[in-house]
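What follows is each chain in one-letter form.
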Amino acid sequence: MTQLDVSVEFATNPEPRCACVLLLDVSGSMAGRPIDALNEGLRAFAADLGADALARQRVEVAVVTFGGDGVHTVHDFSTAGQFEPRSLVAGGGTPMGAGIVTAIDLVEARKTQYKANGIVYYRPWVFLITDGEPTDEWSGAAARVKAAEEANGLAFFTVGVEGANLDVLGSIAVRTPLTLQGLKFVELFVWLSQSQRTVSSSKPGDQTALPSVEGWAAV
Amino acid sequence: MGGGLSSWGAIAASVAGAGHRARAVECQDACAIEVHEGALLLAVADGAGSARLAASGSSIAVAVAMEELRVRAADDLCGARLVDVFASVRAALEPSGDDDPLTSLGDRATTLLVARVSGDAVVTAQVGDGAVVVRRDGALEVLCPVDRGEYLNETCFLTSASWESELRVGVVPAAGIDGIAALTDGLQLVAFDMATGSPHAPFFDPLFSFASGDGSVDELASFLGSDRVAERTDDDVTLAVAGFRSPC
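Chains as they are written, first to last, in the working numbering: chain A, 3 to 221; chain B, 918 to 1165.
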């Protein structure tokens, strides 16, 4: 114990936050093995983030699903340490457009809360995973994504599972859609966790270098 | 370290953050502080984590900046001259013949903050984040505060094309100043009230006493590398601090 360890007192600030919305397709085509693999991936995501002392306090996870009975915020923002994913059930159509709008609204509301509470934060992520294409109107949603990306308001990523319409995903997202190899949801979510851990510990000014996606994404 | 006859006690240290230590990555911050011909000179730099040669970038930036400050120790450091200082540093970050052919300027992306206390003035200049705090007549002031962007992890670097428009220069009178500290962003969450941007006096005051008293580089480095700091930040941490010794 040195003199400084005793004498220097630290400012108390809320932990900086890193919001991440998982926007998940639970339409009928996801039934069976895909939804099981997705659920397993979510559990791996929670476990991996929870194992990181800083990430569990800084990363905030929300889960929005779109499927047969519409769009649901099945898990509103909580820190990763308190994220306990519940098993998702697949069925019905693919109201992706409405899901996207809900996810972006959630992010914007969260940022407003951060500002009101003097919490500093990292650029939020929305992570869309689908095996299909929208069955609802999605041009308005695509415009929201474009506007938010252009304003640097968030980073919107899309991942297509086998069967996904990558052309539509490419029209929605500014960033190039990624394709999941088989049902490698666990690998995908561990990558996502690692990326969030990297982002949430990076120094200001970092154009953060994310881990390689080669463990789960098809080229 | 301060010169024997000077009235400033000056110490600086950079320590790899817990995240870098865990992955055996070298420290990408660099710093220096010294008294030269009666002027207190300091520089701190934070290499971008995503840049391949970040550690090289920050250490070159600090070394070249200190040399520039020494050469100009007696000059009137107006804005135009500080642009020259930063331009010289930036030129030194360009790939050299020793680098592999694919090396680009951006591989040494780094922030840079310099300060000089001499005569009647404190001059500071910086590109990117980091902060300089002075204590004047017992009260803390942040010099040329950063207009922080919306997000915590985004700033600009000296290697960027727009560096000149990002250069912030401040000149304030030196009267009444008995402490100065410069830090990279790694310590910001423990050194500042983030909601208001104001410096946390119980953090800085003991450091000024430490620098003007019997402080050592080893002890500063040990403090910066302590678990107590690591619990609050994963990032590399840097502190260059000086305290004025009252004449006795």
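You may find that some hints are simply not true.
[To be verified] The calculated label-pair distances, taken between Cβ atoms and stated as ranges, are:
(1) GLU86/A x ALA1008/B: 52 to 60 Å
(2) VAL942/B x VAL76/A: 46 to 54 Å
(3) ARG35/A x THR1113/B: 26 to 34 Å
(4) PRO1090/B x THR114/A: 50 to 58 Å
(5) SER1082/B x ALA55/A: 35 to 43 Å
(6) ARG1162/B x ASP107/A: 55 to 63 Å
(7) ALA111/A x GLU1058/B: 34 to 42 Å
(8) VAL8/A x GLU954/B: 47 to 55 Å
(9) ASP38/A x SER1133/B: 31 to 39 Å
Hints in this document: simulated from the structure, not taken from any laboratory. Computed from a predicted model, the values in this text were never measured in an experiment. Beta carbons are placed, not taken as given, at the ideal position from N, Cα and C, and that holds for glycine.
Now for the hints, and whether the structure bears them out:
no.	hint	verdict
1	GLU86/A x ALA1008/B: 52 to 60 Å	holds (54 Å)
2	VAL942/B x VAL76/A: 46 to 54 Å	violated (37 Å)
3	ARG35/A x THR1113/B: 26 to 34 Å	violated (53 Å)
4	PRO1090/B x THR114/A: 50 to 58 Å	violated (41 Å)
5	SER1082/B x ALA55/A: 35 to 43 Å	holds (39 Å)
6	ARG1162/B x ASP107/A: 55 to 63 Å	holds (58 Å)
7	ALA111/A x GLU1058/B: 34 to 42 Å	holds (36 Å)
8	VAL8/A x GLU954/B: 47 to 55 Å	violated (36 Å)
9	ASP38/A x SER1133/B: 31 to 39 Å	violated (60 Å)
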